[in-house]
Amino acid sequence: MAESLLSLDDLAVHFKVGNALAGGIKTLKAVDGVTLDVKPGECLGLVGESGCGKSTLALAIMGLLPPTRGTMNVDGQQISGATPPDRMKMARTVQMVFQDPYASLNPRQTVRRTLADPLRLHGITDKEEVEARVIDMMAKVGLRPEQADRYPHEFSGGQRQRIGIARALILKPKLVLCDEPVSALDVSIRAQIINLLLELKDEMGLAYIMISHDLGVVEHVSDRVAVMYLGRIVEQGGWQEIFENPRHPYTRALIAAIPDPFHRAAISADAKARGEIASALNPPPGCHFNPRCPLKTDICTAEYPAFGEVSPGHRAACHFRERTQ
Amino acid sequence: MSLALKLPRLRLKGGTSLWVGGGLVAIAISSAILAPWIALTDPVLDANLMNAELPPSWEFPFGTDAQGRDIYSRIVWGARVSLSVGIISQICNSLIGVTLGLTAGYWGGWWDDLVSGLTNLMLAIPSLVFALAIMAILGPGLVSLVIALGLTSWSYSCRIARAQVLSLKSQGYIQAARILGYGDLRIMFTQVLPNILGPLIVIATLGMGGAILAEAALSFLGLGIRPPFPSWGSMLSEARDQITTAPWLSVFPGLAIFFTVLGLNLLGDGLRDYLDPQSTTRRG
Amino acid sequence: MTTPLLKVENLRIALAGDGVTYDAVENVSFEIGRGEAFGLVGESGCGKSITALSVMGLLRRPLSLAGGKIILDGEEIQNVSAAEMRRLRGKRIAMIFQEPMTALNPLSPVGRQIAEMFVLHQGANWNEAMDRAEDALRQVRVPSPERRIKDYPHQLSGGMRQRVMIAIALACGPDLLVADEPTTALDVTVQAEIIDLMAELCAAKGTAVLMISHDLGLVANMCQRVAVMYAGRIVESQVADAIFATPTHPYTQGLIDSLPRLGERARRGRQKLREISGVVPSIANYPSGCRFNPRCPAVTDVCRTIVPEATPLPADGLVRCHHHG
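The listed protein sequences correspond, in order, to chains A, B and C.
With the first sequence counted from 1, adding 7 to any position gets you my numbering.
With the second sequence counted from 1, adding 619 to any position gets you my numbering.
With the third sequence counted from 1, adding 196 to any position gets you my numbering.
It cannot be assumed that every hint is accurate.
Said to hold, decoys possible - List of simulated lysine to aspartate or glutamate pairs, DMTMM-like, C-alpha gap at most 20 Å:
#, chain 1, residue 1, chain 2, residue 2
1, A, K279, C, D497
2, C, K287, C, D269
3, A, K96, A, D107
4, A, K96, B, D803
5, B, K788, A, D107
6, A, K279, C, E396
7, C, K401, C, D331
8, A, K181, A, E10
9, C, K468, A, E10
10, C, K468, A, D82
11, C, K468, A, E49
12, A, K23, B, D732
13, C, K468, A, E210
14, A, K46, A, D209
15, C, K468, A, D230
16, A, K208, C, E471
As the list claims (entries may be wrong) - In silico negatives: residues of chain A with every beta carbon more than 12 Å from chain C:
#, residue
17, A19
18, A27
19, L35
20, N80
21, S87
22, K96
23, R115
24, L126
25, V137
26, R140
27, A146
28, I201
29, G212
30, E316
None of these hints come from the bench; they were simulated from the model.
Using N, Cα and C, we set each Cβ at its ideal position, and we do this for glycine too.
Based on the provided sequences and hints, a complete structural model is requested.
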């Protein structure tokens, strides 16, 4: 078994919110005990709705938020609340592609500067080498060399996302976290970017964490999938297990919610979730999903279910994980 | 200050406001630099009571004052004081304000609380009163005037800078820079600052107008430039009693202030458009 | 044949730019029958939203109606006075938006905002109107409406706010509900609930729906008929099921083929997604002839010069492509 590139062990990120005078200080458990690992060259899909903590988890993985509890190991670098990461070393290991291609590029920097500055910062000072790597990277993401001196506003959304991808890959990282990389793009452009990401993954031997709410995209690109709900992973397994044999009712609800005109009959009404995600400030007792769950019984409000194994590598945090429907 | 803030922001098409504003400011600056050559008489020594309070004529294009000195020459020389006070004090204000605002907005925490508290304190005390206090300690004169005005009205640029940083901080490209290993200062000066320059330049140009007016007020109170050396403000103040009998005494220094402040406002507006890479009117 | 509820004929919407006027929408015609749900699908900038706004009489400069007819129930409404249009809105046509927060008054409790509709349009007194507002909230399945009625918009979640919007829109039993991307800002599980709710309420009240979205799957799920817009023109219009079974325009085919579909990988293994090449043209650079021609795999010379006419398809469908029929 290959060594993990990234492993999270019981990672938690909590925030103190509120005011000591008005209403008191509460703890927001944005990420509450996540255990995950990503191997070199692998794509892990991370699924969840807004408020589930995936953005906070992303920031923690990027080393931008210190963990409150637990540890993280990034390519041999051990990180915890007490030992902050070496940011330069992190930068050469983990990079990120952002959702919004409009806000994620500095409007006052040309493509060349956006790509060349990080190289110089990381000690590549030879002018020709910098230039060669910039042009090579641009070619890899499908941009022409003569576009190097243009500003972001001269590009379309899809092209901007290509620049964003080039920036993430310019330091030759091993792991790239893609945060909803296509959801802000025009529908007819999405396939181009998904294909590009997959090509680059093979070409450069990258590992991805693909955060998306679009299950079609996640199924298409992922080797393994983790489903997150209110700060915790509720189901995790190979893509086929998650999509063909989901064991957590939340995963089923997500799949049932996809409007798919080809399988309209296959959506069973009772798989759908009711209501909306609770606040992480005040999660429901027991299993956090219980107020929305069609399978809810007394035990669900009493205790949080164990993250038990369904089959090797496939785990679900549900008291009824043995039920197939 | 009120004059500068109430001026309408003229929006002329294309780069017109840049050129008109730049032209007005250039006239003011060049007259300050070229004062020894373009002034007709010495602004201080050429007093002649025989010529006192003459209306504008071919000999004295802007008329003369109570001591018979040529108003035109005094305005040309006075530009040196007014502009250097305006520009230097505003550079000080911008440096202080932007540095405090950038760091406070970016780092947050106790430093932000401290800076915000200080800013509110500065805003609560009228800056003119603050400047008065400093002048009282340092004594009158050009240098103390610049120091007094340069230390007292940074709160506007500080607030603007801080608010802009807060709204930019969560933008993807700032995050991306952190992920790429950029240090905090590098992010502040290469990623944040270029993107918030527009409003800061506008504030700085408005502030220059304000500083020119504040100089006038302080000079009037006898704390600024000492007579007989001219500044626009002191000329305006001295002319108050004769506003009905010899209006040219106040009209011409007033116009000088008005056109310079207007020029600065237009220039600020034009610069903002010019500096914005998204602006389609850029470079023609 | 009965008269359709809404008939839009050769609609043209002009966009005034710097000294130039562009046609943002051109030659758009469609009909919506009583109680029918009709979907208008396209990418950002294709003109679908401004088509909806023109039906509501809400076009503002730089946009203006440049031609065509909008006929509601046999009566032309494109030129009626502002006062008359206000009377129609709310009473006969209602609208819900993508972001309900911007459409709700933040300073007024939601119950009051619903009740206002009854007072304004039906002359009810406030007491009676508040009772009816509570009923309306119950109908859109807001839990404990008697308490929620006093809540301000910011106290509600995104899904709840959209329910309130639906309650306001349907308060006076309009004949037509215009829904502009009603679920784009919501999570997938919530989206599914809101769509079900809308479909159910409109069916029960006999309200017709004009649904605007970029999501072909979502629209096809909810609507009986779907029209696809590209660059200001309708390129294809078919019965919802048929548009997936037999997409006819290359753009529609591209849209359907380019997105990874759930279950596809399990059935056929990972295939490279079929891309639609190029970018969405901006309004200033619309190509001549068929506007899809620079991106079309089947392009020929005729596509570059001549605007394709509508060719009828079975069941009142139509397609605008030189290579069909």
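Status of the hints after comparison with the structure:
1. The hinted pair formed by A/K279 and C/D497 fails the criterion: a straight-line CA distance of about 50 Å is larger than 20 Å.
2. As the CA atoms of C/K287 and C/D269 are separated by approximately 14 Å, the hinted pair is consistent with the 20 Å bound.
3. Between A/K96 and A/D107, the direct Cα distance comes to roughly 26 Å. Violation of the 20 Å bound is thereby established for this hinted pair.
4. For the given pair, A/K96 sits about 16 Å from B/D803 by alpha-carbon distance, which is consistent with the 20 Å threshold.
5. As the CA atoms of B/K788 and A/D107 are separated by approximately 15 Å, the hinted pair is consistent with the 20 Å bound.
6. Distance restraint check for A/K279 and C/E396: the Cα-Cα separation of roughly 16 Å lies within the 20 Å cut-off, and the hinted pair is therefore satisfied.
7. For the given pair, C/K401 sits about 15 Å from C/D331 by alpha-carbon distance, which is consistent with the 20 Å threshold.
8. The hinted pair formed by A/K181 and A/E10 meets the criterion: a straight-line CA distance of about 13 Å does not exceed 20 Å.
9. Between the alpha carbons of C/K468 and A/E10 the distance comes to roughly 29 Å, so the proposed pair goes past 20 Å and is violated.
10. A threshold of 20 Å between alpha carbons decides the hint, and for C/K468 with A/D82 the separation of about 30 Å lies outside it, so the pair is violated.
11. Annotation: proposed proximity of C/K468 to A/E49 holds, straight-line Cα distance about 18 Å (limit 20 Å).
12. Pair hint A/K23 plus B/D732 holds up; C-alpha atoms about 18 Å apart against a cutoff of 20 Å.
13. With a CA separation close to 15 Å, the supplied pair C/K468 and A/E210 stays within the 20 Å bound.
14. For the hint pairing A/K46 with A/D209, the CA-to-CA distance comes to about 14 Å; that is within 20 Å, so the pair holds.
15. Restraint check for C/K468 and A/D230: the C-alpha separation of about 16 Å stays at or below 20 Å, so the hint holds.
16. With a CA separation close to 18 Å, the supplied pair A/K208 and C/E471 stays within the 20 Å bound.
17. No Cβ of chain C comes within 12 Å of the Cβ of A/A19; the nearest lies about 23 Å off, and the non-interface call holds.
18. Distance check on A/A27: its Cβ is at least 23 Å (rounded) from any Cβ of chain C, clearing the 12 Å threshold; non-interface status holds.
19. For A/L35, the condition that its CB be more than 12 Å from all CB atoms of chain C holds, with the nearest at approximately 16 Å.
20. For A/N80, the condition that its CB be more than 12 Å from all CB atoms of chain C holds, with the nearest at approximately 29 Å.
21. Remark: the non-interface label on A/S87 is consistent with the geometry, its nearest Cβ contact in chain C lying 32 Å away (cut-off 12 Å).
22. Residue placement check: A/K96 keeps its beta carbon more than 12 Å from all beta carbons of chain C (closest about 33 Å).
23. The beta carbon of A/R115 is kept farther than 12 Å from every beta carbon of chain C, the shortest such distance being approximately 22 Å.
24. No beta-carbon of chain C comes within 12 Å of the beta-carbon of A/L126; the shortest separation is about 28 Å.
25. The claim that A/V137 is not at the interface with chain C holds, since no C-beta of that chain comes within 12 Å of its own (minimum 29 Å).
26. At roughly 26 Å from the closest C-beta of chain C, the C-beta of A/R140 stays outside 12 Å, upholding its exclusion from the interface.
27. At roughly 17 Å from the closest C-beta of chain C, the C-beta of A/A146 stays outside 12 Å, upholding its exclusion from the interface.
28. In this structure A/I201 is not separated from chain C by more than 12 Å, as the shortest Cβ-Cβ distance comes to only about 6 Å.
29. At roughly 18 Å, the least C-beta separation between A/G212 and chain C is larger than 12 Å, which holds for a residue marked as non-interface.
30. With a least CB separation of 22 Å from chain C, A/E316 remains clear of the 12 Å interface cut-off, as annotated.
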